[in-house]
Amino acid sequence: AQSVTQLDSQVPVFEEAPVELRCNYSSSVSVYLFWYVQYPNQGLQLLLKYLSGSTLVKGINGFEAEFNKSQTSFHLRKPSVHISDTAEYFCAVSSTAGGGNKLTFGTGTQLKVEL
Amino acid sequence: NAGVTQTPKFRVLKTGQSMTLLCAQDMNHEYMYWYRQDPGMGLRLIHYSVGEGTTAKGEVPDGYNVSRLKKQNFLLGLESAAPSQTSVYFCASSFGTSNIQYFGAGTRLSVL
Chain A
137 AQSVTQLDSQ VPVFEEAPVE LRCNYSSSVS VYLFWYVQYP NQGLQLLLKY
187 LSGSTLVKGI NGFEAEFNKS QTSFHLRKPS VHISDTAEYF CAVSSTAGGG
237 NKLTFGTGTQ LKVEL
Chain B
10 NAGVTQTPKF RVLKTGQSMT LLCAQDMNHE YMYWYRQDPG MGLRLIHYSV
60 GEGTTAKGEV PDGYNVSRLK KQNFLLGLES AAPSQTSVYF CASSFGTSNI
110 QYFGAGTRLS VL
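As you go down the protein sequences, you meet chains A and B in turn. 182 is the number that this note's numbering gives to position 46 of the first sequence; each next residue is one higher, with no gaps. 106 is the number that this note's numbering gives to position 97 of the second sequence; each next residue is one higher, with no gaps.
Think of the hints as simulated: they come from the structure by calculation, not from any bench. Glycine included, each C-beta is placed from N, C-alpha and C at the ideal position. Incorrect hints may have been included.
[What the hints assert, rightly or not] Chain B residues, not near chain A, derived (Cβ > 12 Å throughout):
hint : residue
1    : Leu31
2    : Asn37
3    : Leu78
4    : Leu121
[Unchecked claim] Here are some chain A residues pointing at chain B (derived, C-beta under 8 Å):
hint : residue
5    : Arg158
6    : Gly179
7    : Leu182
8    : Leu187
9    : Ser188
10   : Leu192
11   : Phe226
12   : Ser230
13   : Phe241
14   : Gly242
15   : Gly244
16   : Lys248
Hey, can you work out the whole structure from these sequences and the hints?
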């Protein structure tokens, strides 16, 4: 079984400040890791993914994340946020064990960017 | 290219009524999924399908049924709706082992 923990349910930050959204996972097998973003009243969009290779992954809109296997973490970072980054962010993990590429999601972090 | 389309976008049901949510994808994806999203709980997998004619249970399958008669469509049925099924439902699809899921815009369902 696999699980994802997003400890911060809400993160307020001022515009142009840096931000880090934390994600920790647990799994008994190798995993793939994802960050999705959900803007109000919309579906989820893929922000970035880690499948293999370099542990530093760059995504859309200036976001990046680092896979840390020893700490079982996949924290999301952005050096300077914009008002338009206000959204809910979900970390997710999947494995191909058992077929179906099923995703297990964290409970989400609401990022609120203020002027 | 529409991607993943969910129908309807909103629906209000009375307890005990039935309904079917339709998900259609035009990306020729093998895998399709139904999730529900509730405040503070993230997205939870209801059922999924790894190909036409196949379905499997996810994390929270009780009270729901699904069918995948055509590769591009994945239907989610509620036979007797309950207030606990008030939620936002998302459909997603993925291509084989790419592990990247593409999501529809969601269906907001209220059961009174």
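Under 8 Å is the threshold here; is the Cβ of glycine 179 (chain A) close enough to any Cβ of chain B for the hint to stand? With a minimum Cβ separation of about 4 Å from chain B (threshold 8 Å), the hint on glycine 179 (chain A) holds.
Against chain B, with CB atoms and a cut of 8 Å, does the hint on phenylalanine 241 (chain A) hold up? It holds, given that the least Cβ distance between phenylalanine 241 (chain A) and chain B is near 4 Å, below 8 Å.
Does the closest beta carbon of chain B sit nearer than 8 Å to the beta carbon of leucine 182 (chain A)? 6 Å, holds
Minimum Cβ distance from leucine 192 (chain A) to chain B below 8 Å? Violated: closest Cβ of chain B sits about 19 Å from leucine 192 (chain A), beyond 8 Å.
Least C-beta distance from asparagine 37 (chain B) to chain A larger than 12 Å: Holds, because the least Cβ-Cβ distance between asparagine 37 (chain B) and chain A comes to about 16 Å, which exceeds 12 Å.
Per the CB criterion, is leucine 187 (chain A) less than 8 Å away from chain B? Hint holds; leucine 187 (chain A) Cβ to chain B Cβ min 7 Å, cut 8 Å.
Distance rule for leucine 78 (chain B), whose beta carbon must clear each one in chain A by more than 12 Å: 19 Å, holds
If you take the shortest Cβ to Cβ gap from arginine 158 (chain A) to chain B, is it below 8 Å? 15 Å, violated
Are all beta-carbon distances from leucine 121 (chain B) to chain A longer than 12 Å? 21 Å, holds
Could you check if serine 188 (chain A) really has its C-beta closer than 8 Å to a C-beta on chain B? 11 Å, violated
Restraint outcome when glycine 242 (chain A) is required to lie within 8 Å of chain B by C-beta distance: Status holds, d = 6 Å.
A cut-off of 12 Å on Cβ-Cβ distance, and leucine 31 (chain B) was said to be off the interface with chain A. Does that hold? Fine: 15 Å to the nearest Cβ keeps leucine 31 (chain B) off the interface.
In this structure, the earlier hints numbered 5, 9, 10, 16 are contradicted, and the remaining ones agree with it.
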